[in-house]
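Colleague: Take a look at the letters that make up each chain.
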Amino acid sequence: MNSHTENDPCCGGQSRRSFLKRSTATAAILAAPPVLVRAAEKKLDEQGAEYFEKLPLKIEVNGKPFSLSVEPRVTLLDLLREQLHLTGTKKGCDYGQCGACTVHVDGQRVLSCLSLAGMQDGKKITTIEGLASGDDLHPLQEAFIRHDGFQCGYCTPGQIMSAVACIKEGHAGSDAEIREYMSGNICRCGAYPNIVDAIREVAQKGGVK
Amino acid sequence: MINFDYSKPATVGAAITALSKDTKAKFIAGGTNLVDLMKRGVTTPEKLIDITGLPLKGIEQSGTVVRIGALALNSEVAENDIVKKQLPLLSQALKAGASAQIRNMATVGGNMLQRTRCGYFYDTAMPCNKREPGTGCGALQGYNRMHAILGASDSCIAVHPSDMCVALAALDATVVVQGPGGTRKLPFLDFHRLPGNTPEKDNNLQRGELITGVEVPVNPSLAQHSLYTKIRDRASYAFALVSVAAALDMKGKTIRQARLAMGGVAHKPWRLTIAENFLQGKEATVANFQQAASLALKEAKGYGYNNFKLTLGPNTLVQTLKTLTGV
Amino acid sequence: MDNFFDLNIPFAEIDRVDGKAKVTGKADYVAEHDLPNLTYGVLVGSTIANGTVTAIDTKSAERAPGVLAVITHLNAPKVPGYEEGENPAKGRTGGGGLKIFNDNRIRFNGQPIALVVADTFERATYAASLIKAQYNKEAPHTSLADAIKNDKPIEGDNYKEAVRGEKDAWKTAPVKVEGTYIMPIQVHNPMELHATIARWDGDDKVTVWEKTQGVVSTQQSIANAFKLEQKNVQVYAPYVGGGFGSALRTWPHAIAAVMAAKKLGRPVKLVLTRPQMFMLVGYRPEAIQHISIGATPDGKIVGMRHDAYAVTSNYENFNEGLVAQTKQLYACANLATKYNIYPMNLSTPTWMRGPGEATGSFPLECALDELSYALNLDPIELRKRNYAETDPENGKPYSSKFLREAYDLGAEKFGWKGRKPQPRSMEEDGWLVGYGMSSGMFGAFRGEGRVRLKFSGDGMLTIQSAVSDSGPGTATAMTRIASDAMGLPVNKVNFELGNSAFPPGPTQGGSSTTSTLGTTVSMACDSLKKKLVELLKTQESEIALADVQFAQGEMRLKNGKSISYTDALKAANLPSIELTESSGRNPEMQKYSAYSYSVHFVRVKVHPLTGVVRIDKVVSAGDAGRIISEKTAASQMKGGAVGGIGGALMEEGVIDHRYGRWVNNNFADYHVPVHADVPDVEVVFVNKPDPVLNPNGSKGMGEIALIGFAAAVANAVYHATGKRIRELPITPDKVLL
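Protein chains in written order, with my numbering: chain F, 1 to 209; chain A, 1 to 327; chain H, 1 to 737.
Derived from the structure by calculation, the hints contain no laboratory data. Note that the structure is predicted; figures quoted are calculated from it, not measured. Glycine is no exception: its CB is placed at the ideal position from the N, C-alpha and C atoms. Misleading hints may appear alongside valid ones.
To be verified - Examples of chain F residues toward chain A, derived with CB under 10 Å:
#, residue
1, F66
2, G96
3, Q97
4, L116
5, S162
6, G184
7, R200
8, E201
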């Protein structure tokens with residue numbers, strides 16, 4: 001760690017030494033401090049090594065526990081896609097403007113692109129891959145196929161995850177309500193009418209578990 | 001995105017201490033705005049203090065006040081029974097904002113701190129006094145269709161994008177903040193600032209202060225006649241061109257009191273006090289509404305692309321009042 | 001051309017064959033392929049629109065953690081294909097018109113000036129933010145209105161005035177309408193971000209996963225750019241998350257990914273950001289159009305004039321058919337059209353759904369509507385009075401035209417007769433109500449296709465072709481055709497695509513995939529039938545193909561005997577039958593003109609105080625020949641209507657001309673329709689086969705689903721309010737003021 005200049009650009013103009021000092025100071029005042037995994041302290045070279053602190057992260061994804069360590073800046077979306085290879089959750093905009101990345105965190109629909117992975121410690125994540133039980137599709141997955149609720153299929157996982165929540169929340173009482181509460185999921189192919197058909201049908205059949 | 005240090009304090013005190021010690025630190029809760037801004041390089045905090053573990057989520061009524069914790073989620077507040085009954089205007093405004101997913105993440109405190117959606121603010125290659133003081137205002141002579149018609153300055157004509165805040169402004173809410181020096185309360189209308197020569201400052205929070213909640217007075221008469229109207233370029237999931245939060249205390253056809261605020265027109269939610277005063281004691285008639293609306297926007301000024309708001313603003317107010325009173 | 005089937009039997013409805021993969025998250029789009037040693041590339045765009053890069057500081061980025069390479073024009077490996085073809089009009093060679101990292105010239109704002117490659121996405125993105133360039137700025141030219149005033153359009157054969165009959169006939173007609181119409185830039189914005197993964201397999205072989213509507217064209221583009229044998233470029237595109245035209249060509253970022261992978265000796269994944277999707281993969285060009293129509297008092301069009309002005313880049317001439325429909329839709333002896341394009345500091349536009357026709361139909365169909373009011377004539381009646389019985393451009397008969405039927409079917413379904421003719425005469429709950437309609441047309445084509453077919457002893461029929469499917473449902477339609485042709489259940493047919501190792505298929509564009517490849521599949525099935533019948537000849541003498549019925553997996557002979565296909569294979573001791581088949585254009589078509597047609601009906605509610613427009617009823621009627629796959633066809637028409645709602649009411653690419661820079665290149669500021677904007681959309685097809693174009697009787701559909709839609713909305717808004725809005729999108733401000 002002594003090999004770095006005081007103006008190392010890789011930590012926002014701060015020298016690494018002060019960076020680490022700062023981190024240590026922070027850790028001292030925390031009531032619930034995360035255990036920082038410091039690759040730097042393991043004397044790894046910064047190039048290609050784990051230069052920044054990583055956060056330990058324990059999450060459950062689709063019922064499966066994961067014990068990970070992530071850079072604080074990694075989003076839940078990129079964690080799922082790039083590290084856990086659960087690519088059913090889609091990146092459509094990365095700025096919270098399209099809904100393609102919708103997943104459930106502790107049963108609530110959220111946007112994984114605006115969720116920092118490190119902040120999900122202890123939480124249960126459900127993605128499109130966790131919706132079906134084995135070969136038995138979720139009723140909404142079946143309804144989407146039956147009503148042709150997609151074309152290219154890219155927004156579909158987000159639409160379905162959102163639709164499951166929409167029904168559970170009790171926001172599928174009318175077509176107008178479905179449309180309003182599904183408006184956070186953009187479909188550029190224009191499958192909206194068919195998606196509403198699919199959601200209405202499942203909601204009317206008594207919804208989902 | 002810049003990498004950053006991360007901590008998650010368990011007490012309000014620890015959070016405030018952590019922020020006070022570090023000028024490059026920021027609180028993060030829902031992250032729906034902050035993470036977006038960090039991705040665009042608009043803001044580059046070196047440390048995030050995760051406040052989602054703090055006990056600030058409650059929604060409760062005590063006497064004639066509803067207290068809402070800063071960390072209550074937008075969706076929780078919108079669907080809360082107390083809020084739906086006592087503050088329907090707030091519930092409506094929240095539901096008009098963002099999408100179901102974002103409302104499940106965004107908090108009350110975060111919503112108040114939401115930064116403008118001005119395209120020049122978001123693009124680090126463009127001039128923007130709010131993002132980078134001294135670089136000029138790109139919107140002033142640029143594409144300013146979404147921009148302010150009230151209270152703007154030559155430094156900045158951005159608007160505050162929140163719907164929730166428009167309702168809270170109309171409802172005479174109070175903001176509760178805690179800082180290194182203790183707790184203080186600000187009237188909601190004093191929380192956000194006008195741009196003046198310091199558009200980089202959105203609000204009057206002091207360094208190290210944390211919003212812990214808002215208090216909203218209950219008024220059953222106003223709650224009976226409450227309506228939030230939002231005009232936007234598409235039917236949902238879009239920021240307001242103009243919005244109106246209105247609550248009336250009616251006796252028969254007479255307006256005893258009015259609470260009116262407008263969104264999408266200024267750097268802060270714009271309380272329409274002159275229109276309220278005009279309407280007090282008046283009959284609910286279209287002519288009175290029109291007069292109130294023209295008084296309300298008397299000081300308004302367009303900057304080109306947003307000139308239509310000089311018409312849309314008053315019209316939206318009239319429409320809201322018409323719907324509320326059935327005239 | 002033989003007709004293989006009885007064209008009057010409709011196809012049965014089936015579910016999308018890739019549905020299960022799509023609803024379970026198993027469908028793998030480009031960016032989802034994991035490879036060993038994968039690296040992440042992030043592009044850095046210029047912050048000026050016009051000028052040169054004078055210096056570029058990459059040091060901080062190079063030193064940032066995890067960074068493996070920073071490529072700029074200063075160190076970019078040579079792309080051999082870039083040495084050829086300087087003619088901007090030529091385009092589409094060497095991986096696209098813009099030669100990425102080839103020089104220091106900046107041609108548009110956001111033009112890539114660097115590619116940062118790192119070991120993680122986060123690190124590459126952060127390092128990209130550290131790149132700082134200095135520029136010699138020149139004034140940006142991005143305003144079409146200014147260009148029309150100050151500059152000369154590009155000259156050439158495409159841009160000459162075209163005259164039919166008497167040029168100025170419209171001027172002396174008893175009834176005239178005229179207007180100038182403005183359509184802003186619209187952007188395809190498929191939900192999947194454009195992405196490329198490139199991996200070199202030795203010095204002269206590369207494998208590319210690419211978001212493309214043309215597997216073979218991408219293979220050719222990359223082979224041309226890097227001077228490789230075409231077979232040494234392996235392209236995969238198994239799932240394509242929408243395109244609408246943006247994936248019709250291989251863009252410079254794909255070349256950059258291939259270049260970087262070679263330089264690094266590791267696979268590179270490059271995914272565009274949503275803002276980059278507005279700048280680097282085409283858009284529908286802004287257009288300003290002036291149209292004039294003259295007619296007789298009884299509604300016969302005497303003459304028309306249509307001048308169109310549109311933008312292109314300053315390194316390629318992008319042309320499309322803005323004035324095509326004006327020449328072709330109505331019987332009109334006298335006509336003049338002129339198409340003009342201006343080179344700007346913008347990236348090159350590209351075909352966007354319903355390409356130029358969608359742009360051109362806006363003024364044409366609004367003017368027709370305006371004329372109907374001037375004549376006090378129902379808009380549908382006016383169109384029928386000018387119905388073209390033969391192609392007005394060349395007098396040829398149509399291979400099929402059922403536009404009249406489409407008008408009637410759509411009007412009936414919509415309830416058009418409930419419309420009160422007077423503008424601003426209908427109201428509901430305090431909202432003004434308006435009915436509007438318009439029509440659209442697009443050429444019906446058939447190109448060249450090739451498939452490989454294998455029928456196995458287990459009864460499975462596999463057909464392969466190097467096409468891709470960006471959403472319409474190509475595999476579903478092909479499965480439908482093969483299943484019907486062979487009398488096999490749908491689950492016994494497997495259509496495979498998205499792989500350049502398969503026989504070359506067409507690019508999915510111009511509404512022609514089903515026509516083209518459906519022909520090939522039909523012919524391949526016919527060849528299979530012949531081979532199956534030949535197998536019988538050892539047992540049965542003298543069987544004519546026509547005497548055999550193929551149904552439920554078996555051949556039924558006239559003598560009452562039947563034998564299953566698999567038994568026939570077994571008896572002949574064959575594990576499978578394999579064959580390849582190709583098909584091309586139909587020479588017969590030289591005698592005909594061929595088009596698909598649509599008629600859109602829209603009911604709007606307009607709020608008189610706030611100017612808000614809501615579309616609450618849509619009926620789209622189509623003449624798209626015989627419908628191959630009902631469910632996916634209806635979906636495609638609905639999708640066109642949704643795209644049409646976007647173009648009519650909200651989509652507008654905004655550039656600040658002072659900087660020549662995008663102001664709203666993201667989904668929060670560039671609005672596309674959301675659920676709440678879209679009512680139920682009803683679709684009705686004439687569903688009559690085209691007897692000439694192809695053996696299945698189908699015509700194209702993707703484009704007509706959108707063409708004309710914006711005019712239907714504008715016409716409905718006029719009917720509701722009495723206000724003719726000639727500038728899209730129709731946002732509340734335009735309705736109010």
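Colleague: Now look at each hint and say whether the structure bears it out.
Modeller: Structure-based check of each hint:
1. F66: Hint on F/F66: violated, closest Cβ of chain A at ~18 Å, above 10 Å.
2. G96: 6 Å, holds
3. Q97: Hint holds; F/Q97 Cβ to chain A Cβ min 8 Å, cut 10 Å.
4. L116: 6 Å, holds
5. S162: Given a least distance of 7 Å, the restraint on F/S162 holds.
6. G184: 2 Å, holds
7. R200: It is violated, given that the least Cβ distance between F/R200 and chain A is near 17 Å, above 10 Å.
8. E201: This hint is violated: F/E201 lies away from chain A, its Cβ roughly 20 Å from the closest one there, beyond 10 Å.
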